Amino acid sequence: MNYYEISKEPIDIQAIIDKVVQRDAGAITTFIGTVRELTKGKKTLFLIYEAYESMAVKKLAQIGQEIEEKWPNSKVAITHRVGKLDITDVAVVIAVSTPHRADAYEANRYAIERIKEIVPIWKKEHWEDGEEWIGDQLEKVSYPTGKPEGADLHE
Amino acid sequence: MNKILFFAHLKDAVGEESIRIDVSGKTVAEVKEFLAKEYELQKLDTAMTAVNEEFAGDEEVIEQGDEIAFIPPVSGG
Numbered sequence: 001m002n003y004y005e006i007s008k009e010p011i012d013i014q015a016i017i018d019k020v021v022q023r024d025a026g027a028i029t030t031f032i033g034t035v036r037e038l039t040k041g042k043k044t045l046f047l048i049y050e051a052y053e054s055m056a057v058k059k060l061a062q063i064g065q066e067i068e069e070k071w072p073n074s075k076v077a078i079t080h081r082v083g084k085l086d087i088t089d090v091a092v093v094i095a096v097s098t099p100h101r102a103d104a105y106e107a108n109r110y111a112i113e114r115i116k117e118i119v120p121i122w123k124k125e126h127w128e129d130g131e132e133w134i135g136d137q138l139e140k141v142s143y144p145t146g147k148p149e150g151a152d153l154h155e
Numbered sequence: 001m002n003k004i005l006f007f008a009h010l011k012d013a014v015g016e017e018s019i020r021i022d023v024s025g026k027t028v029a030e031v032k033e034f035l036a037k038e039y040e041l042q043k044l045d046t047a048m049t050a051v052n053e054e055f056a057g058d059e060e061v062i063e064q065g066d067e068i069a070f071i072p073p074v075s076g077g
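Taken in order, these protein sequences are the chains called A and B.
Counted the way the numbering used here counts, the first sequence spans residues 1 to 155.
Counted the way the numbering used here counts, the second sequence spans residues 1 to 77.
No lab work stands behind these hints: they were computed from the structure.
One or more of the hints may lead you astray.
DSS-like cross-link-like pairs, simulated, lysine-lysine; straight-line CA separation at most 30 Å [stated by the list, open to error]: (1) Lys11(B) / Lys19(A); (2) Lys124(A) / Lys40(A); (3) Lys40(A) / Lys26(B); (4) Lys11(B) / Lys116(A); (5) Lys8(A) / Lys26(B); (6) Lys3(B) / Lys42(A); (7) Lys37(B) / Lys8(A); (8) Lys11(B) / Lys84(A); (9) Lys84(A) / Lys26(B); (10) Lys26(B) / Lys58(A); (11) Lys43(B) / Lys124(A).
Bear in mind the structure is a predicted one, so any value in this text is a computation, not a measurement.
Taking the hints into account, I'd like the entire structure generated from these sequences.
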């Protein structure tokens, strides 16, 4: 089974959840990232997502591995969509199952934050008056050495 | 020969998704410097670099056949 995918088609949310079902689990959390219309008062018409697909899949798998190390007996599945997405469309689905609920919430949050750091996916916002590739939403400085540093890679 | 991939605003600036060029023996920093000049890329220094789909530092030396990708700050999710 492919637990980590980049999809050009709409994401079947239930299919992602089904991948993490396990007998040891007491909880499954699902994060669904959707396309928002307004950002700081500016109206988005639609988005284009682009990925360095082969590397993105590897980095999603790395995040899953990090989670399975940090939260024992957890299981992770992530699918991110690419292409043109309209307002309210689902851009990413993360499902995490763990024996206890607190871990499922925490681990799921960890996954989306890591996606925003290390997974090579970009979105281009299209507004009524223009378009722009969005980057660095975490408002962190860029990586001066060209890559995320130790803590960032393994935290 | 090496394949170099561009994404997001870098792809728009270069006008190509990828180019083929031999940069073996050069460091990542040298390749960046060369491409920034060749394509008049303003923001290449804020991009991360991946060599064969793994993040690489500026000192890494490119080998024959390596695939290099420049990764602007990401915005997935």
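Quick rundown of the hints versus the structure:
Straight-line distance between C-alpha atoms of Lys11(B) and Lys19(A) comes to about 35 Å, which puts the hinted pair past the 30 Å bound. At roughly 16 Å between alpha-carbon atoms, Lys124(A) and Lys40(A) fall within 30 Å of each other, so this suggested pair holds. Using a Cα cut-off of 30 Å, the hinted pair Lys40(A) and Lys26(B) is violated, with the two alpha carbons roughly 43 Å apart. A hinted pair counts as satisfied when its Cα atoms are at most 30 Å apart, and Lys11(B) with Lys116(A) qualifies at roughly 20 Å.
At most 30 Å may separate the alpha-carbon atoms for a hinted pair to count; Lys8(A) and Lys26(B) exceed this at roughly 36 Å. At roughly 38 Å between alpha-carbon atoms, Lys3(B) and Lys42(A) are farther apart than 30 Å, so this suggested pair is violated. Restraint check: the Cα-Cα separation between Lys37(B) and Lys8(A) comes to about 35 Å, which exceeds 30 Å; the hinted pair is violated. With a C-alpha separation of about 17 Å, the suggested pairing of Lys11(B) with Lys84(A) holds against the 30 Å cut-off.
Of the pairs offered as hints, the one joining Lys84(A) and Lys26(B) is violated, with about 37 Å between alpha carbons and a cut-off of 30 Å exceeded. Restraint check for Lys26(B) and Lys58(A): satisfied, since their Cα atoms lie roughly 26 Å apart, inside the 30 Å limit. Distance hint between Lys43(B) and Lys124(A) is fulfilled; the C-alpha atoms sit about 16 Å from each other, no more than 30 Å.
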